Amino acid sequence: MSTATSPRWSAGERLRFGIGAVLVAAMFYPTVWMVLSALKSNREIFRTPFALPSVWRWENFVEAWELGRLGTLYLNSLLVTAGAVTLCVGFATAAAFAFARLEFPFRRLSYRLLLLGLLLPPPTVAIPLFTQLRDMGLLNTPWALILPGAAWSLSLTVFLMRAYFNTVRPDMEEAARIDGANTWQIFWRVSVPMVWPAMLTMIILNTINIWNELLFALLFIVDEDKRTLPVGLVRFYGYHSTDYALVFAALTITTVPVLILYFILQRHVIAGLTATAMD
Amino acid sequence: MADAGAGRPIEDRTAPVAKGAVNLLFIAPAMLLFGLFVLWPVGSAFYYAFTHWDGFTAPRWAGLDNFQRALADSVHLMSYVHVVLYILGTLIFEVSFGLLVAVLLNSDRRGFALMRGLFFSPVVLSMSAAGVLWAFVLDYRSGLLNSVLKALGAGELAQPWLSQPSTALIAIMIVSGWKYAGFYMAIFFAALRRIPRNIYEAATLDGAGPAVQFFQITLPLLRQNAMVAVLLAVTGGFAGFDLFFTMTNGNPFGATEVPATWIMKQAFDKNQMSYGISLTVVLAAVVMAISLVYLRVSERLSVHRY
Amino acid sequence: MQVLKGSLALFAAALMTTTALAATEIRITHATTGGAEKEVLDKIIADFEAANPDIKVVQIPFDDDVYSNTGLITQLQSNDVPDIYFQWAGFPVKRDAEAGYAMDLTEALASDGWQDTFVPSVWTEGAGTMVDGKPYLVPTSLDVTNTIWYNEAIFEENGISPPATWDEFVALTKTLTDAGEIAIIQGNNEFWPFGNWASHIAAKVVPPAEYTAAFERTGKFSTPGFLKAFEHIAELRAAGGFNRDLQGLGADPAMATFLEGSAAMHPIGSWLIGTAKELADADFRYASFDTPVIDPDHPLAHSVIGTATGFVVHARAKNPDAAIKFLKFYTLPANQVLRAEAGTLSPIKGVNETANLDAQTDQMARMLAEAPAMVPPPDTTYPVALAEAYYQAAAYVAAGEKSPGDALSWLDETVALIAE
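Protein chains in written order, with our numbering: chain G, 9 to 287; chain F, -1 to 304; chain E, 51 to 470.
The set of hints was computed from the structure by calculation and includes no laboratory data. Since the structure is predicted, the reported quantities are computational estimates derived from the model, not experimental observations. Careful, some of the hints might be misleading.
[What the hints assert, rightly or not] To be clear about the criterion: a stretch of chain E counts as covered by chain G if any three or more of its residues have a C-beta under 8 Å from a C-beta of chain G, and this derived list gives those stretches:
id: 1; stretch: 107 to 118
id: 2; stretch: 345 to 353
[To be verified] Only part of the chain G face toward chain E is listed, based on derived beta-carbon distances under 8 Å:
id: 3; residue: Pro113
id: 4; residue: Val230
id: 5; residue: Lys234
id: 6; residue: Arg243
id: 7; residue: Tyr247
id: 8; residue: Ser249
id: 9; residue: Thr250
Virtual Cβ for every residue (Gly too), placed ideally from N, Cα, C.
Generate the whole structure from the sequences, applying the supplied hints.
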């Protein structure tokens, strides 16, 4: 289909490039509009929605940062995401190692149970989980997001990690065993370095999912100063919804760093996010 | 779905590195976490669904009361109609559109990689950011869409998109398409890259045009990926909450009420915990039934294929 | 050096333990998150702490929607209950008293003549502060829950003045619409903003017995009286009285649009005044008129719609004495004057008369003083599900989704499904 060998563009390629460019420009335009609007005054956003800002109002960002306490929100999101991803990927790698390489009682049953999580959408437990966390005294603490966040990412992570283990022959582990290493040493010194690329992919996948998580964060945290970014943004919008410039500034502050990170790590991010659907 | 594709049962592998109950320690942390925060609440949901419970005082046994009420609750029933429409929308605006763009942008020429990267970028944003951004794009008075229409001299087409029952659901489908078409594009693009180029070259020599090639070569070879894409769209659609919550929260007049938003309203706005929980049990049953039917069907298709 | 550091830490720890032992902490949860009202609250708390160095006041604030949905109820039920919580008079107080969250304040109010510092009308069964003759809510403000705010500049440009009758009101709405203005802006995505107004319209048209019977579920909504009320709503719709994005717009954005000068009228409660102080430009001129007389012969023709709000002491409060001490301080006339000057009407005798009120608060005070009757909003008087069904039926008519007759039939069918 593609004829990269020929130095000249065919008519079909030009057409496809043209259609693609228009399409992608239309899709990406709201993001550009968001950033430009964040630098305008409200009056300008209404009067000249398509123009560049007449004066670039960088102070909008300062105001949104302070009013929305975005620094606190960023820190909360970082804490929750780091905690949940560490627990999830760490526990899942150990479990995937066991399911792929070891023999022990209840192995099949445990694995089947774990896969049940792939079939259940999180809204189905939000309410009982809410009362459970309340009774455990975890409601309104970062643990209310870290523990369920990690738990709900386990099924997919174990599933994908085990699949990865199965693509690598256990020769290295066998060799280590013959050398007298115990199972923990085999796991820690041989298997982990071996599956490290897959773990990185899982870290990216889970980081994006947990960073963006809204439902649990909305229900399990009530204090303003413990909120994560997605909830803070929705609340900020609710309160300042007519101060367009301010909300656009907050939106820009919360999305542009993510977009920049994405463009830097593009290949890994796409691999991570689509890991679910790859065969 | 790596392992399922290979069709290799779990026993059928090389000899285990180690044996014995002590190895349970490797799965213990994961199982403990999973048991405590997934299995336990799911189990308790099945119990509370059969009770009258406000979330605080002792639950009273209710038998099937909650489920009878769920069947009589017209907003609840309509929420499934809406979510099915939404899923059909995602199959068009996300899966099919993503497939078309994957084919369109499948080229090594300069610029195509950048376009693919830009096209994928909304996938990494949070639903709440996407929802807030699009609430502004679709705003009646000063939204981008109505501004564009006015600038094009089609001001009479300007609508309060999210405020009227006739346009709200389709507006959400389009936003969902904007957010996720890139995801399906990436899946299909990766699969397209694995189709050997000489198949197309041979077809071109045989005089097959691009449309014929698409339907006779590309689509059949992508069938497995398309099946996975459809499963993800369907199960993801039933669980859909974030976008609906941020953009309309079921409004106007329940036109965008989906199971997840209605459940949250029952349980928290209206303080009827056990009724809300019984609705989650219904939702879980629906999603699991669909997934199992899907697995059956896809197994049968795979058997035919090989 | 190391030794010194260690002993310093020990000393600091000891100091903290002693202060922790000495201080009594009272926790107060509420839904005041911004505006002039929040500044006054912070100041009163600071003054109270200065006067009572042994008591520390901890605030737990929420957005009002979170507060009424999950914020309050989860706290009331938790092991660590707030000592004082904000509540709306009426049905919520009754529910809290029956559930055992609210403390009976009979004794506290009787001491030092505290109860007599309030205007007597707040201590009636209808005011929603008492349950079975016992007071449970300390009212701290009187809210008009719906009145019609208008932009004076837009009225002047179009040569119109506040209407005396409903027909004049519909006519001026049409004049404004025809002139290309947004006549009335409302954000009704949560149903209560227009719902409150629609109940006031009904209260002024429907015979009182018929109105009460329908809401108490001994009668139907499909009656000639309610039909007439809904036809008035349809009439206003025909005159361009409802913005097209009525059902998609939030209450706050609609208010902000009005305060920005983009719409001629905005029907909402008296709390607009506090928000205006924060959001509106200094040269923004606005005033209000109440929903005009529709049927001059109706006993509630000149009524206003409103309710009291205030604080409840939790029945399981750790420090009830300190909590009551704080509420007494909070309702001192001097502190209530501060609140009134920030735009909140006080239920304490003499406060609204002596405070230096701005024009709009003063107008509210006079309206309340002159009104022969006060209609409470359905969502603080009847079960929430019932009130919401009525609000939605009214919204159907305002949005043009259903005819008045169809909306009322829908309402009767929906109400029949609500469990007792």
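Hints and how they fare:
| no. | hint | verdict |
| --- | --- | --- |
| 1 | 107 to 118 | holds (count 6) |
| 2 | 345 to 353 | violated (count 0) |
| 3 | Pro113 | violated, 39 Å |
| 4 | Val230 | holds, 6 Å |
| 5 | Lys234 | violated, 12 Å |
| 6 | Arg243 | holds, 6 Å |
| 7 | Tyr247 | holds, 7 Å |
| 8 | Ser249 | holds, 4 Å |
| 9 | Thr250 | holds, 3 Å |
Checked against the numbered hints listed earlier, the structure breaks hints 2, 3, 5; every other hint is satisfied.
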